[in-house]
Amino acid sequence: MGADPSKRADLLQGTLELLILRTLTTGEKHGYEIAEWIHVASAEALSVEEGALYPALHRLELRGLLTAAWDVSANNRRAKYYRLTANGRKRLKDTTESWRRTSAAINRVLEGT
Amino acid sequence: MAEWLSSLRLRLRALLRRRQLEQDLQDEVAFHLAMREDQLRTSGAIDAGAGARRRFGSVTKIREDLREAWAFAPRMSSLLQDLKYAARTLRRSRGFAVVVVLTLGLGIGANTAFFSIINAALLRPLGYADADRLVSVHEGFPQRGIDRFPFSALDFDDFRSYQQSFERVAAYRNVPFELSGGGNPERIEGAKVSANLFRTLGVNPIVGRSFSTAEDRPGVNVAILSWGLWQQRYAANPSIVGQTIQLDRQPYTVIGIMPATFVFPRRGPQFNSQPADLWVPIAFTERERAERATMHNNSVIARLKDGVSLQAARAALDVLAGQIAESYPPVLRKAGFSPRLAAQPLREEISGQFEAPLLMLQAATGLVLLVACANVANLILSRVAGRTREFAVRTALGARPRRLVQLLLCEASLLSVAGGVTGITIAYWAVNAVPAVIARTIPGLQDVAIDLRVLAFTGVMCLATAVIFALLPLATLDRGSPGDSLRDDSSRTTLASRKLRIQRGFVVSTVGLAFVLLVGAGLFIRSFASLMSTDIGFRPAQVVTASMTLPRTFYTTATSVRTFHESLYGSLLALPGVRSVALATNLPLTTYDVRAFTPEGANIPEGAQPTTHLTWVHGPYFETFRMTLRHGRFFVNDEHVQNRSVVIINEKLADLFWPGEDPVGKRLKWGIAASQAPWLTVVGVVGNVADGPIGAEPGLHAYEPFRQLPEFFLNGAVNQFGRDVKAAVLAHGEPRALAALIRQEISTLDRELAIQNIELMDQQVSDIVAPQRFSTLLVGAFAAVALFLASVGLYGLLAFTITQRTREIAVRLALGAERRAVMRMVVAQGAQLVAIGLTAGLVVSLGLTRFVTSLLYRTNQYDLVTFITVPAVLAAAAFIACALPAWRAARVEPATALRAE
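If you read the sequences in order, they're chains A and B.
Residues 120 to 232 in my numbering are what the first sequence spells out, letter by letter.
Residues -15 to 885 in my numbering are what the second sequence spells out, letter by letter.
Hints were generated in silico from the structure; no laboratory data involved.
Glycine residues also receive a C-beta, built at the ideal position from the N, C-alpha and C atoms.
Honestly, I wouldn't trust all of these hints.
Straight line, CA to CA, 20 Å or less: simulated EDC-like cross-link-like pairs of lysine to aspartate or glutamate [stated by the list, open to error]: (1) 289/B with 131/B; (2) 212/A with 190/A; (3) 636/B with 519/B; (4) 148/A with 11/B; (5) 289/B with 11/B; (6) 148/A with 577/B; (7) 318/B with 131/B; (8) 710/B with 681/B; (9) 636/B with 646/B; (10) 636/B with 577/B; (11) 148/A with 646/B; (12) 148/A with 8/B; (13) 289/B with 21/B; (14) 45/B with 168/A; (15) 710/B with 847/B.
On the chain B side, residues computed to face chain A include the following (Cβ under 7 Å) [as the list claims (entries may be wrong)]: (16) -8; (17) -6; (18) -4; (19) 6; (20) 7; (21) 10; (22) 11; (23) 15; (24) 21; (25) 41; (26) 44; (27) 51; (28) 55; (29) 840; (30) 841.
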C-alpha cells in the first residue's frame, strides 16, 4: 500500500470519471469514441492506458450514472453505447461545480501573489 | 441509496446471464482493439495489432478487473482462492500451524472458560419478572456482632404488617424432605415459602395454580412441584396435579407445577440458597411465633413499589427496625438484641461478591490471550520475513496491496478459527473439571454451559486475534516498496531493530510471568503433597458409609428410633464380607453437635465455658475407622446401655484439661457447672481425627454411646435430634460390592426411607481436599500455559532474527566460522533474554509468595525445592526453544543462502 501511488490513482480515477461524464453530454458514444474524445479534448495531456477507461465506465454504469445498450456501429460492428442518465447529469453538474470552485481557489492563490 | 439499488439490480441481472456478460466483456474490449487497429493501420503503422494492444494496456488484467467489478459479491472468488492457497501453505508448514493453533487455543480456551463462568454467574437473567426491583431483606444484631441474619417468624410478621416501601414481601427457607409413595423414596431439597412468593417473583405455575393465602397456615398440606421433579419422578404427567404425594410420610396435594426456567432459591452465598425441587407453604406455627430472637431462619425477598428507590426503602427500614425493636423484651434488648433491617438488590446478593474477582480473572486471562497473540505474531513475522520476497514478487506481478492483506488475513483466519475450535474444546474440558464442591459455592457455576452467548464471545475473540496477529506482520510489510525488498536488505535491518525491542520485551516478560506462575504451582503442589501425607487420625480404606434421615413425623418416639438403630446394626453385621459395623450421628470429617461442658474440678471463668464436638456412636465406631487409642479403652459392648455415664474424649481435650495426667477416670458433664446433667466418666482417650478440612487445627471432640442418650432427647416432637443416622461398614475385602447389599437391607427395614447416599470413605477424604486439588491444578495449568507461551515466544523471536540474519550467518560461515560457534551465538542471544526473565521472575516471586502463605499447608513460602526446580524447568524449556532455531542457523548453506540473496 505505497501511500503516494494509490493517492495518485484515486485522483486520476475521479478525474477520469468526470471526463467520461463530460464527454457524454454531447450524446451517446461507445468506449473507443470516448477514449478518442478524451485524448483529443485533453490535448493528450492525460496519458492513460486506454484499457483503464473500461473499469471506470462499468463502475459508472453500475452506479446508475450511465446506461448502456448494444448496437451496431458505423462500420457494422457490435458495439456498446453509453448514455448519461439523469443521475449522471446531476452528478456531472455537482462535480463540475465543486471542481470549478477548487480550481478558482487555486487560481486565486497562484495569481494573488 | 439509489446508486446502490441500481448496482444491485444490474449485478443480479449479470449473475443470471453469466455467459452473456462474459461475451459482452470480450466483445467490448475486442471492438476497441479492432477500432484502434484500423485507425493505426490507416495512419501507416507497421504492426497495428501490437500497437493497439500496447496502447490498451494489459487486456487480461482489464478483463479481470471488469469481471471483478461485475461479480455479485466482489472479491468472493479471489477470497476462496486465497483461502485455498492459505490452507495449502499451512499444510506445508505443519509444525508452525500446530504451535500457532495450540497457542491460540490455550489463550482462547482460558478466556472462553472464564467467560462461560461469568456468563453463568453474572450475565444470565435470574428468570423473575422485573428482577431489578427485587431486593432481599435481612435482619442483623450489630451490637451482638451479627451483620446479616435471616428473619424470625415474629419479626417477619411485624415487618410485613408495617412496611410501606414494598409491593409484596415473602419469606422462605430451605427444608429437605423425604419424598416417597410411587417409585423409590428419595431425599429432596424443598423450600417452605409464603403463599405470595410466586406473585412476588412474578412467575406463575404453568400447570395448576400457586398457593392461596388461606393455605399459608399449619395443617394445610399442599405442594407445588419444580419442572425437573415433575419430569423425572412423574414422567411429566399433568394429572399429578390434584393427586397426593408423601412428604416425610404425610400426604400433600400437588396443586401446581412451575416452568422449566424457574429456579428458586438461587444458588449463592446467601442463607437458604439450595434450589428447591418442590415448595410448600411456610405456615408459621404458634411455637415459631412464641419468642423473639430465636429461630432466625427465614430469608425474605421483597419487590419495591413503583417509584420507590432502594435508598428510600432503606431509610424506611431503619425506622421500621426501631419500631420492631420496641416489641423486644427489655432483657433481650439489654443483651444487645436490637434488630436492624437491611435491603440489598437480589442480583447483588447472589453474585455481587463474585463480580470483582471474576472480572479480574477475566482481565488476567485476557492478558494471557494478548501474550499468545504477540507470540503468534512473532511466529508469523518470522515467516513473513522469510516470505518478503514472495510478496515482493507478487506485488511486482501486479497484486494489489489489498490482495496481499487479504491473503494474510486468510491465513490468520484459518489459524484463529482452528485456534477457536481448540479453545472451545479446552474450555469445555476445563469447565467440566471444576469439582462439584467448588461449583456449589459460586452461583450459576453448576449450570455453566458453552451456550450461544459464549460461542459469540469466542467468535469475536477469534476475529480480534486474527486481525491483531495478521495486522502486526502487515505493518512491517508496508515499510518498503517492493523494489526495496527485491534489491537489498536495508528495509529489514531498520525494521528489525525497532520490532525486536518490543519482541524482546515480550519474551522477557513471558519468561518472568512463567517463573512466577511456576513458583506458585510448585508451592501449591508441595503444599498439597504435605496435605495428603497428613495423619487424618483414621483409616478410610475399605469403609463404606450410608446416610439417611428418619422423618420425625414417622419416627416420633425414642423407642422407634432405638429400634431402627438396633435392627439396622444387626442386619448390616449379618451381611457377608463385613468385618465390623458402626452407627453414629456423624462420621469423621464432619461434625454434628457442639456442647458446652464442665470438667470436674476445673475453674471455669465466666464467659469462657469450653465447648466440644460430640458424636453419639453405636457399635465399634473406633475399631471400624481404626482410630488410635491413647489411653484407657474403647467402649465395650455392655456399655451400649443407657445411663452407664461413660465418655471417650480426644487427645486435644485431654491435653487441654488434664495435661500430664492420666485422663482415664476423670469426669465431665454437659452444660455449665450448675447444670443438672450427670457426671460422665472418661474411659478412654483417642487420637485427634480430622473434623473438617484436612490440615485444620483439630478441635475438642467427645464420644458417647448412643444407648446412653436420654429418652427425652429423642422424644422431642420438634427436634430432629438423633434421627440423622450414618452407618459405617468395614469390609473384609473390596467394599464397593457392599453398597447394593446395604441399600437392600435399609429398604427391607423401612421401604419408604430415602437413602441420601452410599459412599466410600476414601471418596469422602478425596472430596474434602478437592478445593486444594483444584487450585493446585488451576495454578499448575496456568503455569504450564505460561511456560509454553514463553517457549513459543522465545522460539519465534530467535527464528525471526535468524531469518533476518541468514545472509550474515552465511557470510560468517563462508569466512570460516565454525557451525558450533554460530549455534552458540544464537543460543547466547536467547540465553541473555532468559536470564533477564529469570532474574525478574525470581525477584517478583520472592516478593509475591507471602500473599499465598495463608493458602499453603506446612510449606515455606521460600520453599527451597520449588525455588531450585522452577528455574531448572524453565531453563530446560528455554534451551529447547533456543536450540531448534540455533540448529537451523547452523545448517545454513552459505553458497545457497548467498546465491538466493
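Now for the hints, and whether the structure bears them out:
1. 289/B with 131/B: violated (26 Å)
2. 212/A with 190/A: Given pair residue 212/A, residue 190/A is violated - Cα atoms ~28 Å apart, limit 20 Å.
3. 636/B with 519/B: This hinted pair holds, its Cα atoms lying about 15 Å apart.
4. 148/A with 11/B: holds (16 Å)
5. 289/B with 11/B: violated (77 Å)
6. 148/A with 577/B: At roughly 103 Å apart (the allowed maximum being 20 Å), residue 577/B and residue 148/A break the hint.
7. 318/B with 131/B: Status holds; Cα separation ~18 Å.
8. 710/B with 681/B: violated (24 Å)
9. 636/B with 646/B: Holds, because 13 Å separates the two Cα atoms, which is no more than 20 Å.
10. 636/B with 577/B: The hint holds at about 17 Å.
11. 148/A with 646/B: Between residue 148/A and residue 646/B the Cα gap is close to 121 Å, so the pair fails against 20 Å, i.e. violated.
12. 148/A with 8/B: holds (16 Å)
13. 289/B with 21/B: violated (88 Å)
14. 45/B with 168/A: With Cα atoms ~12 Å apart, residue 45/B and residue 168/A stay inside 20 Å; holds.
15. 710/B with 847/B: violated (41 Å)
16. -8: Violated, because the Cβ-Cβ distance from residue -8/B to chain A comes to roughly 9 Å (cut-off 7 Å).
17. -6: holds (6 Å)
18. -4: Violated, because the Cβ-Cβ distance from residue -4/B to chain A comes to roughly 11 Å (cut-off 7 Å).
19. 6: violated (14 Å)
20. 7: Cβ of residue 7/B sits 10 Å from chain A, so the hint is violated.
21. 10: violated (11 Å)
22. 11: This hint holds: residue 11/B lies near chain A, its Cβ roughly 6 Å from the closest one there, short of 7 Å.
23. 15: Constraint on residue 15/B satisfied, holds at 5 Å.
24. 21: violated (11 Å)
25. 41: This hint holds: residue 41/B lies near chain A, its Cβ roughly 3 Å from the closest one there, short of 7 Å.
26. 44: Where the cut-off is 7 Å and the nearest Cβ of chain A is about 10 Å from residue 44/B, the hint is violated.
27. 51: violated (10 Å)
28. 55: violated (11 Å)
29. 840: This hint is violated: residue 840/B lies away from chain A, its Cβ roughly 55 Å from the closest one there, beyond 7 Å.
30. 841: violated (60 Å)
In terms of the numbered hints stated before, the structure departs from hints 1, 2, 5, 6, 8, 11, 13, 15, 16, 18, 19, 20, 21, 24, 26, 27, 28, 29 and 30, listed from lowest to highest.
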